[in-house]
Structures are given as C-alpha cells and as structure tokens.
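2 protein chains.
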Amino acid sequence: MSTVSPGRPDLRRLGPAEWPHPADFAAPPTRAERARWEEADRAARPRRLARLRERMAAEGVDGYLGLRWEHMRYLTGLPFDESEVTGSGDSGKFLVTASDVFVLADSRYTIAVARHAPDARVFEIQRQMHEHWADLVADAGVTRVAVEAMSIPHLTWERLAAAAPNVELRPIEGWVEALRQVKDASELERVAAASAVADRALASLLPSIRPGVTERELALDLEWRMRTGGAERLAFDVACLAGPEAALPHGSPGDRPVLAGAVLLFDFGAQVEGYRSDMTRTLFVGEPSERDLGVYETVAGAQDVVFAALDAAVSAARDGGGPLPTGPAFDAIARSFIDADGRWPSYGHGLGHGIGLAVHELPGLGSRSPNEPLPTPTVFSVEPGIYLEDETGVRIEDLVVLDVERGRADRVTLFPRDVVIVGT
Amino acid sequence: MSTVSPGRPDLRRLGPAEWPHPADFAAPPTRAERARWEEADRAARPRRLARLRERMAAEGVDGYLGLRWEHMRYLTGLPFDESEVTGSGDSGKFLVTASDVFVLADSRYTIAVARHAPDARVFEIQRQMHEHWADLVADAGVTRVAVEAMSIPHLTWERLAAAAPNVELRPIEGWVEALRQVKDASELERVAAASAVADRALASLLPSIRPGVTERELALDLEWRMRTGGAERLAFDVACLAGPEAALPHGSPGDRPVLAGAVLLFDFGAQVEGYRSDMTRTLFVGEPSERDLGVYETVAGAQDVVFAALDAAVSAARDGGGPLPTGPAFDAIARSFIDADGRWPSYGHGLGHGIGLAVHELPGLGSRSPNEPLPTPTVFSVEPGIYLEDETGVRIEDLVVLDVERGRADRVTLFPRDVVIVGT
Chain A
0 MSTVSPGRPD LRRLGPAEWP HPADFAAPPT RAERARWEEA DRAARPRRLA
50 RLRERMAAEG VDGYLGLRWE HMRYLTGLPF DESEVTGSGD SGKFLVTASD
100 VFVLADSRYT IAVARHAPDA RVFEIQRQMH EHWADLVADA GVTRVAVEAM
150 SIPHLTWERL AAAAPNVELR PIEGWVEALR QVKDASELER VAAASAVADR
200 ALASLLPSIR PGVTERELAL DLEWRMRTGG AERLAFDVAC LAGPEAALPH
250 GSPGDRPVLA GAVLLFDFGA QVEGYRSDMT RTLFVGEPSE RDLGVYETVA
300 GAQDVVFAAL DAAVSAARDG GGPLPTGPAF DAIARSFIDA DGRWPSYGHG
350 LGHGIGLAVH ELPGLGSRSP NEPLPTPTVF SVEPGIYLED ETGVRIEDLV
400 VLDVERGRAD RVTLFPRDVV IVGT
Chain B
0 MSTVSPGRPD LRRLGPAEWP HPADFAAPPT RAERARWEEA DRAARPRRLA
50 RLRERMAAEG VDGYLGLRWE HMRYLTGLPF DESEVTGSGD SGKFLVTASD
100 VFVLADSRYT IAVARHAPDA RVFEIQRQMH EHWADLVADA GVTRVAVEAM
150 SIPHLTWERL AAAAPNVELR PIEGWVEALR QVKDASELER VAAASAVADR
200 ALASLLPSIR PGVTERELAL DLEWRMRTGG AERLAFDVAC LAGPEAALPH
250 GSPGDRPVLA GAVLLFDFGA QVEGYRSDMT RTLFVGEPSE RDLGVYETVA
300 GAQDVVFAAL DAAVSAARDG GGPLPTGPAF DAIARSFIDA DGRWPSYGHG
350 LGHGIGLAVH ELPGLGSRSP NEPLPTPTVF SVEPGIYLED ETGVRIEDLV
400 VLDVERGRAD RVTLFPRDVV IVGT
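Residue numbers (numbering that gives the first Met the number 0), protein chains in the order written: chain A, 0 to 423; chain B, 0 to 423.
Hints are computed from structural coordinates only; laboratory data are not their basis.
All of these numbers come straight from a predicted model, not from anything done at the bench.
Beta carbons are placed, not taken as given, at the ideal position from N, Cα and C, and that holds for glycine.
Incorrect hints may appear among the rest.
Said to hold, decoys possible - With the C-beta cut set under 8 angstroms, the calculated list includes, among others, these residues of chain A facing chain B:
no.	residue
1	Glu81
2	Asp236
3	Arg317
4	Gly320
5	Glu388
Stated by the list, open to error - Short, incomplete list of chain B residues facing chain A, as computed with Cβ under 8 angstroms:
no.	residue
6	Glu81
7	Thr96
8	Ile110
9	Met149
10	Ile151
11	Pro152
12	Glu176
13	Arg226
14	His249
15	Gly253
16	Glu390
Model the full structure from these sequences, guided by the hints.
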C-alpha cells in the first residue's frame with residue numbers, strides 16, 4: 000500500500016533506465032498450480048451449492064434456474080464463457096434442487112458437460128428450454144423455482160410459465176453474485192496470477208512504443224504478449240488510446256498513431272484458470288506537458304486517498320469488528336479529492352468494481368452501487384480518472400484485495416504507478 | 000460450384016508440393032475499400048430504417064425498441080459488438096420512431112455515439128433504462144412500442160411496463176433479423192473479404208503443423224495470422240481439434256498435441272468491417288486411415304449433393320420465378336445422403352446458418368429452422384459433419400452466396416476441399 004501523504008503522491012519519473020522489467024513480476028503459473036486451482040474449485044463446489052441451497056430454503060423455493068455462464072462455472076465447473084454462450088442455445092443452463100444439479104445440454108455439449116461437470120446430471124435437450132420445461136421440473140420434483148429475472152428473456156419467462164402453469168416462477172436477482180463476491184484463497188491467487196501476466200506483458204512492451212506506431216498495433220502486440228505469457232484468454236479487449244482519444248473512457252484502439260508529447264493509455268487484463276485481471280496505466284510519450292502531469296498527479300492522489308481509507312477501514316474492522324464502509328463511500332472519497340483540487344472535472348464512471356470469473360461483478364464502488372458494507376475477503380479495482388474532451392485523459396487502475404481477517408488491503412497490480420516515459 | 004457427380008466427390012490428394020499458397024486468395028482489403036463499405040452502410044441505413052418503419056406501420060406500433068448490438072450497428076452505425084455489450088449497461092439500446100432514432104448513452108459513450116451514429120439523436124442516461132423510460136417515450140411521442148421479447152430481460156420488461164403504464168409494450172421477434180438476412184453487395188463483399196483473410200491464414204499456417212505441436216498453439220498461431228492479415232477481430236474463437244477431439248462439434252483447443260495418422264480440424268473465421276466469415280477444414284496429419292478417408296469422402300459427398308441442389312434451385316427460381324426451397328429441405332438432403340451411405344451416424348447440429356454482422360443469423364438450414372423459402376441474395380454456411388465419439392470427426396464448412404437474380408450459388412470459401420496432407 001502507498002504510504003505517502005494523501006494528496007501529495009510521491010511519483011518517480013521512470014525513463015528507459017528505470018523501467019520495470021518483466022522479471023520483476025511473478026512468472027506464469029505452472030501446470031501444477033493450475034491443477035491445484037482446478038482441484039480447489041472441485042472441492043469448493045459443494046460448499047458453494049450448500050450456501051445457495053440455504054438461501055433457497057430461506058426464501059421458500061425448491062429450485063434455482065441458473066442462466067449465466069459465470070454462475071455455471073462457479074457452481075458446476077463447466078467452463079463456458081461469453082464467447083461460447085452466443086451459439087450454445089439453452090445448453091449450459093442449469094437447475095439446482097435440494098439434492099441435484101441438472102445441466103441442460105444438446106447433442107453438441109453432452110460430452111463437454113460430462114467431462115467438466117462430473118457431479119452434475121446431464122439433462123439432454125433437443126429443442127428450446129421451454130419445450131422441455133415440464134419434463135425437467137417433473138424429473139427434478141420442484142414446484143417453486145427462483146429465476147434470475149435480469150438474465151432470462153421476457154419471452155422465455157412467459158413460455159416457461161405457460162409450459163408448467165403449476166410451477167411458480169419467482170423473479171430473483173443477485174443470489175449467486177452475492178456468493179461470488181467473497182473469494183477463497185485459490186480465487187484470489189488466480190486474480191493475482193492474471194494480474195502478473197498483465198504486468199509482465201506491459202513491461203515487455205515498453206521498448207516497442209514509438210511515436211507513429213498505431214494504437215491497434217500496440218493493442219495487438221500487448222494481447223499477444225499476454226496470450227503467449229500465461230493467459231488462456233484476454234479478460235476483455237485491450238484498450239490502447241493515444242492523446243485526446245484517452246478522453247474516451249471506453250474507446251477502442253484505432254489506426255491512430257502514438258503521439259509524441261501526449262499520453263498513451265492502456266486498459267487491459269488477462270484470464271488465468273477462469274479468473275480475470277484488469278489494470279490501466281497511462282504512460283507519457285516523451286516529455287509530459289505540465290497539464291498532463293497535473294492531471295496525472297491528481298488521479299494518483301485520488302487513488303492514494305482511497306488506498307489510505309481502505310487501509311484504515313480494514314484495520315478498524317479487524318480491531319473493532321464493525322462492518323466495512325460501503326462501495327459508494329469510497330467512490331465519494333476519490334471524487335471529493337478531485338473536486339477539492341478544483342482544476343479538473345471528475346470522472347463519469349464508478350471508482351471501481353469487483354472482479355473474478357467476470358470482469359465486472361460485485362462489489363461495486365460507484366456512486367450508485369449497493370449501499371452495503373464491502374464484503375471480505377474480496378478483490379476490486381480502484382480506477383479514478385480525469386477526462387478532458389478532445390485534449391487528454393488519464394486513468395490509473397489497480398486491483399486491491401481486501402481481507403479484514405488479515406487486516407490487509409493489498410494492491411495486486413504491481414506495475415509501478417509512477418510517471419513512465421516511453422518512446423524517447 | 001462443384002461439378003462432380005453427387006456422391007462421388009472427386010477429391011485430390013494435396014501434399015506439400017500441391018498445397019494452396021496464401022497468394023492464391025484475395026489480398027486484405029485496402030483502406031479505400033473499407034472507406035467505400037463504410038459509405039455504403041451510411042447510404043443503406045435510411046433504406047433499412049424505412050423497411051423497419053413499414054413493418055412498424057403494418058403492425059400498428061409507433062416505436063421499436065432495439066436491444067441487440069447487431070441491429071444497432073445495422074440501423075445506426077454504432078460499431079458495438081458482443082465484447083462491448085457486457086460492460087455498456089443500457090448504452091447503445093435505441094428507439095426507432097416514425098421520424099427519429101434515439102440512441103441511449105451514458106457519459107462513457109456519448110462521444111462514441113455522436114461519432115459513429117451521426118444521424119441518430121443521443122438520449123443521455125445516467126441510470127438504468129427503466130428510470131428514463133417515461134421521459135424517453137414522452138420525448139419520442141410513442142404509445143405502442145415493439146420490443147424484442149427474446150432479448151429484453153424479464154425484469155426490464157416489467158420495469159418498463161410499470162414506468163409508463165400507458166405505453167403498450169408489444170412482444171415481437173425477428174423483425175430486424177428478417178431484414179438482415181437479405182444482403183446488399185457491400186455486405187456480401189465483406190463476407191467474401193473476411194473469408195479470404197481466413198483462407199490465406201490457413202494456407203500460411205500449413206508448414207507449421209507438425210505432430211507434437213498443441214491444438215492451443217496452432218489456434219493462437221492461426222488467430223495471429225488472421226489478425227495481422229486483415230481481420231479487425233476474429234469472428235469467434237478458433238477451434239483446433241486433433242484426432243478424437245474432432246468428434247466434439249463445439250470443442251475448444253487444449254494442450255493436446257497434434258497426432259500423426261489422425262485428423263486435425265480447424266473451425267474459424269475473421270471479421271472485416273463488421274462482417275464475419277466461418278469455415279471448417281479437416282486436414283490429415285500424415286497418411287489418412289481408411290476409416291478417416293471414408294468419413295471424409297462421405298462428408299464431402301454430402302456437401303456436393305447440397306451444392307448441386309442449390310444450383311438447381313437457383314436456376315429454377317430464376318427461370319420459373321417460384322420461391323426457393325426451405326432451409327430444412329437442404330438439411331434433409333445432406334442428412335439423407337449420409338444415412339444412405341449407411342456406414343456412419345449423421346450430425347446432430349444443423350446443416351448451416353446465415354452469417355453477416357453475427358456469426359449465426361438467418362437463414363437457418365437446420366431441421367428445426369423456419370419452414371420458409373430461402374431469401375435472396377443471402378449468404379450461409381454448408382457444414383455437414385460426421386462424428387465418431389472417442390475416435391474421429393470430420394466437418395467441412397463452406398460459405399455460399401445465393402443470388403436468384405444472377406442465377407448463382409457461389410462458394411465464397413476458396414481454400415480447397417481436397418484431402419490435404421500435413422505434418423509429413
């Protein structure tokens with residue numbers, strides 16, 4: 000954690016001689032580590048299902064219909080992700096009962112389900128889910144089924160309701176998300192391993208950054224370094240934005256060249272054994288302008304006050320045993336810091352988000368996130384930014400693991416946050 | 000089109016000396032071509048919107064709520080795709096009225112919408128769509144809104160209904176899909192350009208295929224060749240499956256090595272200016288076994304009878320002016336051919352699918368696809384397969400453009416479909 004005084008970040012200037020080196024960061028995970036994580040998941044699934052079943056019992060339902068790939072992987076082991084879901088139809092959807100887990104699979108997926116979800120029962124489908132619904136609920140012996148109402152299409156809901164009118168559908172939200180935000184050690188290790196893959200990749204990319212190289216070329220180069228350096232896939236598409244483009248918080252790399260005397264923003268992450276990382280670094284191509292440096296120091300200062308507040312909160316919670324502050328409270332701390340500086344507009348997005356199997360999950364650290372104490376142990380991003388339209392943009396994003404029992408709020412992203420000068 | 004007798008495919012044996020060469024296929028599109036396609040889209044959007052508005056008027060609604068990224072790009076120009084949608088909240092959703100198109104955007108996206116969808120009106124949102132719904136329908140002056148009922152979450156539907164109880168929500172399906180399946184020339188050119196990128200990439204990969212190289216390494220290598228060879232992104236994740244793994248129609252590449260004396264299946268595609276390609280080739284690593292060759296010839300024969308039937312159907316439709324056969328009819332032709340051979344089980348997936356902005360779209364050529372005449376002009380895959388669990392699998396997939404007016408059914412995938420021997 001940073002130890003500087005809030006508001007006065009002690010940033011070093013790192014030219015080529017002081018650049019971080021790939022070997023500064025953890026090596027890609029070994030096959031043995033990956034096997035251990037897979038085993039940890041297998042061992043954890045009965046506990047996860049037990050917690051879901053406690054919730055089901057407390058809410059008076061005897062079934063839970065799972066529709067999202069993150070939940071499926073978490074509860075069954077089937078390693079679908081967003082890229083598979085598009086063409087999978089209803090395969091991979093699953094029904095949890097008090098005693099069983101049924102995974103729906105058409106003929107393309109029965110082998111994969113049996114292989115990856117050995118504890119689940121394959122429920123073979125030939126058509127859409129609603130055409131099998133009456134059989135499924137009868138086989139499973141359920142009469143009141145909780146359904147993720149933000150994930151099920153309206154038409155599917157209507158069709159399930161019509162297919163088995165005696166089975167109550169209970170609209171619910173966030174049951175499994177709430178479980179998933181509390182991470183076990185093997186999950187946190189994987190987020191850290193994915194972060195190290197990303198740290199290493201950026202460190203190895205630095206010598207390739209020159210004015211004139213395009214955003215798209217650098218994004219592809221960085222992606223390649225992650226995917227040949229331990230990532231099974233990207234956490235999300237790499238953003239590489241030069242100069243004024245960095246003012247778009249969700250811009251995409253284009254054929255625009257890197258500009259001398261301007262910023263260069265990278266927002267990127269890796270995936271390791273299902274778990275993802277997310278980091279942003281804003282580099283300086285040649286000598287920073289006074290404005291860009293002022294913006295950068297303010298963003299780093301906003302991060303510092305959040306880190307200090309997280310440290311204090313974790314210590315207090317461990318010592319006093321009270322709850323942690325809420326996500327919105329930390330968002331407000333960063334925002335107030337930028338507002339108090341007075342020179343720049345504040346960011347329009349949230350301060351941060353949980354991360355794990357999905358890039359964006361609970362807990363939320365935005366002004367509109369749930370007004371609930373942060374969970375523990377958990378991991379989330381801290382990513383304040385300042386965007387000057389058509390001029391420049393700076394965002395710095397680190398992942399932080401919060402663990403009250405250990406009294407720690409540790410940064411997982413280890414690539415230095417200093418003023419890194421490239422392209423000279 | 001193939002001219003061989005149905006059932007007796009005239010397959011050549013292509014060793015290294017006869018391999019296709021990357022230069023056999025069209026070069027990546029130039030900047031000028033890309034600019035021309037972008038301009039063609041801009042010019043086409045008013046026509047596309049006019050056709051949607053005709054449908055709206057005919058169905059008695061004054062609004063259409065668009066929720067899918069493919070429809071958004073098609074109708075507004077905003078180039079979101081599945082990777083952006085995950086984190087975009089309700090940004091990019093859009094409302095078409097008789098006179099306007101409103102695109103919802105939170106602060107992260109207003110600049111992007113203004114840049115890419117210049118003819119649309121930005122409707123700025125700070126919260127979820129339903130919290131702005133009453134204002135939006137009032138601004139737009141609509142009272143009966145068609146909503147894609149398979150795309151809207153059930154909870155969102157309920158919230159919109161509650162937020163503006165006087166506005167009728169009409170559940171609909173497939174209006175824009177129906178428009179999108181008929182392709183204009185610039186769309187077909189892009190599918191062909193994306194196919195050529197994929198053809199070239201596989202041709203350039205052939206010398207790298209050796210027993211012992213893993214599926215994952217080859218998949219990444221092939222991806223890299225596409226993305227540095229004209230593809231702005233992949234159409235979908237590359238499948239590379241060795242030997243018995245090829246029996247999984249939706250398998251993913253693993254750390255399994257390429258096996259001598261077995262098949263090696265690649266299913267992959269590129270994206271060029273928004274449009275996608277999709278092709279499958281099953282190669283032979285060293286000398287094919289008699290069984291594998293028998294399977295391969297049967298699959299190629301199934302493709303041939305479909306190609307012949309498509310040729311005949313297009314000629315008949317042009318000459319007689321009657322409708323084309325249905326998608327299920329062509330699926331049945333391929334399936335009957337494999338059944339008649341009698342030696343192998345038939346495939347469990349559909350024969351083919353339309354392709355364009357999405358990898359899978361209308362028309363469908365499966366046994367359960369809509370029982371309607373194929374549209375024209377259009378483009379779809381023809382991809383029969385035979386899968387012997389734990390033994391081997393063969394699929395051959397080509398894209399075909401169907402154009403009754405020109406009396407043509409042309410294969411777009413130009414990589415040879417012969418018996419290609421690699422790894423020797």
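**OP:** Starting from the hint list further up, note which numbers the structure goes against and sort them upward.
**Re:** Violated hints (numbers, rising): 3, 4, 7, 12, 15 and 16; every other hint is consistent with the structure.
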